[in-house]
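There are 2 protein chains.
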Amino acid sequence: MLSEQTTTKEEITGWLRGLQDRICAALEDTDGKARFKEDLWERPGGGGGRTRIIGQGNILEKGGVGFSAVYGETPEKILHALKLDQAHFYATGVSIVLHPVNPMVPIIHMNVRYFEMSNGVSWFGGGIDLTPHYVDEEDARYFHTRLKEVCDRHNAGYHPEFKKWADDYFYISHRKETRGIGGIFFDRLSATEAFTKTDRFRFVQSVGDLFAPLYTYFMRKNAQLPYNDRQKEWQMVRRGRYVEFNLVYDKGTKFGLDTDGRAESILMSLPPQAQWHYNYQVTPGSQEEKTQQLLKKGINWV
Amino acid sequence: MLSEQTTTKEEITGWLRGLQDRICAALEDTDGKARFKEDLWERPGGGGGRTRIIGQGNILEKGGVGFSAVYGETPEKILHALKLDQAHFYATGVSIVLHPVNPMVPIIHMNVRYFEMSNGVSWFGGGIDLTPHYVDEEDARYFHTRLKEVCDRHNAGYHPEFKKWADDYFYISHRKETRGIGGIFFDRLSATEAFTKTDRFRFVQSVGDLFAPLYTYFMRKNAQLPYNDRQKEWQMVRRGRYVEFNLVYDKGTKFGLDTDGRAESILMSLPPQAQWHYNYQVTPGSQEEKTQQLLKKGINWV
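Chains W and X, in that order, give the protein sequences.
One point on numbering: in our numbering, the residue at position 238 of the first sequence is 238, and numbering is uninterrupted.
One point on numbering: in our numbering, the residue at position 117 of the second sequence is 117, and numbering is uninterrupted.
Think of the hints as simulated: they come from the structure by calculation, not from any bench.
All C-beta atoms, glycine included, are put in the ideal place defined by N, C-alpha and C.
Any given hint could be a false lead.
As the list claims (entries may be wrong) - Stretches of chain W that chain X covers, calculated by requiring three or more beta carbons in the stretch to come under 8 Å of a beta carbon on chain X: (1) 54-68; (2) 167-175; (3) 236-248; (4) 274-280.
What the hints assert, rightly or not - No farther apart than 20 Å at their CA atoms in a straight line, the calculated lysine to any residue pairs in the SDA-like style are these: (5) W/K254 with X/E177; (6) W/K232 with W/E289; (7) X/K37 with W/Y280; (8) W/K251 with X/K296; (9) X/K176 with W/W41; (10) X/K251 with W/Y249; (11) W/K254 with X/G256; (12) X/K254 with W/R241; (13) X/K33 with X/G55; (14) W/K254 with X/Y278; (15) W/K176 with X/G256; (16) X/K254 with X/K37; (17) X/K176 with W/D258; (18) W/K254 with X/K33; (19) X/K176 with W/E42; (20) W/K254 with X/K251; (21) X/K251 with W/I172; (22) X/K254 with W/K232; (23) X/K254 with W/N279; (24) X/K251 with W/W41; (25) X/K254 with W/D250; (26) X/K296 with X/D167; (27) X/K254 with W/E177; (28) W/K232 with X/M236; (29) W/K176 with X/T259.
For reference, chain W alone in the conformation it holds in the complex (with noise of 0.2 Å):
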């Protein structure tokens, strides 16, 4: 059977490295004028990456699209938290954060990985969450339709499972709200007797596959809407928490760190600027007042 052949690591590290091809092309494409730079850089323990920014575009002001495939001795961390004594890992994926200029365009993040090791066990994980610093309703019902036709495409229990995941991740717990609107999130997919390794990469892929064509109809949807001096100051603080979420809760980011990867690659996720005002408050019956009703865990956008 199909489904049952051997998925390699090699086959998976080049397919991601032509998505990070794709997307980036996808991307420059759209803006019309940013160009990606890209840096690439070595693991002193194994392996390495393509890092590559972009930024002061007409649309977009600051993002990275990231792939790397990086290799050797696991980690205490990960060893201690699947009671190992020793193995070695490889680990590769794609990760994206793109902070547009014109706050009516949300910001996005895509994440896409995979991580196996030397006593066989691997496993798949990922997921693509949105953050408009306005929420739209029917742009937020248009992203998670697709997601979720990505997702039942594969299986029916996928979107229900991951969507949910996702709520919970992307959550600021000391703001008691979401980062946005969130999107799907999904961890540790292993073969199972329901799923073979193939199965899932060919989910991953879907995912991966979605990005570009998902995040380029906001960028040319929304580039061009005006936008005032009040909306930019809320696109900030809005930023502000995108940057407290990062730097206090996301696993990513704090794995990277607790384990000295590289930081300028890490933190490509933090905004080209961001602000803090005390105690901010939202005017009454304001879209900031809305949005920011709106960003809660739960909602059936669908």
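Could you slot chain X onto chain W? The hints should help.
Relative to the frame of chain W, chain X by itself:
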């Protein structure tokens, strides 16, 4: 003997409340424009605080001087760390972070605090550290000299220990740089054979009393210095590092957020704005490069 009198939590609390008043008055007086706004808050589990925020001043762009006195059942995290099953706690302190307008004026942080538990354990903690956007070596010497004088008045062993503690504590591992030029940091100063509780309190009082004359000296001395756009941008980058330290490493911030503390009071330490540039590089031979080279542990400034 005088030093064996018991210092009560009421006495400590009253003194700290007065310290907040005196520091706020001195800062307003030196700024000449900005006035503190006060937020009184109550902690659901017991106690509360007086958060005072200043901003848009002649010299101070954003900052806070907070006082709190909270009590109740000891959070699980502390009980676990102290290997205790159950206890009540009382904690009071003054915390300050000030972000100036002019990049030639340093950011400053001070915290003095007292903690006791129903099982009889009690201690003081605190410190002052300076984060210049541009390290002026004369200012740095002045700062450390004043701290050393205060320490030496109480015990010759304090300054070497607490200076090193600050170097180690205010360290941004993932950047391999210190937050600023350090200062002093101390924690869990309990009564011992060598120091009574009153001795410890007198030391903490000296540290607290040093704050206003020390920082208003820098305000007066540097607030009129000229600066250009590049220097303002560098200030934004340094503020970004300040955010990284506070959200990733600062134990007080983490503990406060973890235990559902008042987010606005905890995060009053964040700057009004910050910037992140991918892989920011300083110009060789510049003042920015000189500063970066001085952001390391173990410099003997005195």
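Cross-check of the supplied hints:
With a threshold of 8 Å between beta carbons, the proposed coverage of the region 54-68 of chain W by chain X holds, since 3 of its residues qualify and at least three are required. Only residues whose beta carbon comes within less than 8 Å of a beta carbon in chain X count, and the region 167-175 of chain W has 3; three or more means the coverage holds. For the region 236-248 of chain W, the proposed coverage by chain X is satisfied: 6 residues have a C-beta within less than 8 Å of a C-beta in that chain, meeting the threshold of three. Note: the region 274-280 of chain W has 6 residues with beta-carbon separation from chain X under 8 Å; the three-residue rule is met and the coverage holds.
About 18 Å separates the Cα atoms of W/K254 and X/E177, which keeps this hinted pair within 20 Å; it holds. For the suggested pair W/K232 and W/E289, the alpha carbons sit about 15 Å apart, so the restraint of at most 20 Å is met. For a cut-off of 20 Å, the pair hint linking X/K37 to W/Y280 stands: about 14 Å separates their Cα positions. Proximity of W/K251 to X/K296 is assessed by CA-CA distance (about 28 Å); at most 20 Å being required, the pair is judged violated.
Note on X/K176 and W/W41: the hinted pairing holds, with a Cα-Cα distance of about 18 Å set against a maximum of 20 Å. As the CA atoms of X/K251 and W/Y249 are separated by approximately 15 Å, the hinted pair is consistent with the 20 Å bound. A threshold of 20 Å between alpha carbons decides the hint, and for W/K254 with X/G256 the separation of about 18 Å falls inside it, so the pair holds. Distance restraint check for X/K254 and W/R241: the Cα-Cα separation of roughly 16 Å lies within the 20 Å cut-off, and the hinted pair is therefore satisfied.
This hinted pair checks out: X/K33 and X/G55 have alpha carbons roughly 9 Å apart, not beyond 20 Å. Annotation: proposed proximity of W/K254 to X/Y278 holds, straight-line Cα distance about 18 Å (limit 20 Å). Distance restraint check for W/K176 and X/G256: the Cα-Cα separation of roughly 14 Å lies within the 20 Å cut-off, and the hinted pair is therefore satisfied. Straight-line distance between C-alpha atoms of X/K254 and X/K37 comes to about 25 Å, which puts the hinted pair past the 20 Å bound.
Straight-line distance between C-alpha atoms of X/K176 and W/D258 comes to about 12 Å, which keeps the hinted pair within the 20 Å bound. The suggested pairing of W/K254 with X/K33 is violated, with an alpha-carbon distance near 41 Å, which exceeds 20 Å. Between X/K176 and W/E42 the alpha-carbon distance is near 18 Å, which keeps this suggested pair within the 20 Å criterion. In summary, the hint linking W/K254 to X/K251 is supported, as the alpha carbons are separated by about 15 Å, within the 20 Å threshold.
Restraint check for X/K251 and W/I172: the C-alpha separation of about 18 Å stays at or below 20 Å, so the hint holds. Distance check on the hinted pair: X/K254 and W/K232 sit about 29 Å apart at the alpha-carbon level, beyond 20 Å; violated. Of the supplied pair hints, the one linking X/K254 and W/N279 holds, its CA atoms being roughly 19 Å apart against a limit of 20 Å. Proximity of X/K251 to W/W41 is assessed by CA-CA distance (about 32 Å); at most 20 Å being required, the pair is judged violated.
Only pairs whose Cα atoms come within 20 Å are accepted, and X/K254 paired with W/D250 is accepted, the gap being roughly 14 Å. With a C-alpha separation of about 8 Å, the suggested pairing of X/K296 with X/D167 holds against the 20 Å cut-off. The straight-line distance between the Cα atoms of X/K254 and W/E177 is roughly 18 Å, inside the 20 Å bound, and the hint therefore holds. Annotation: proposed proximity of W/K232 to X/M236 holds, straight-line Cα distance about 18 Å (limit 20 Å).
With a C-alpha separation of about 13 Å, the suggested pair W/K176 and X/T259 falls inside the 20 Å cut-off, and the hint holds.
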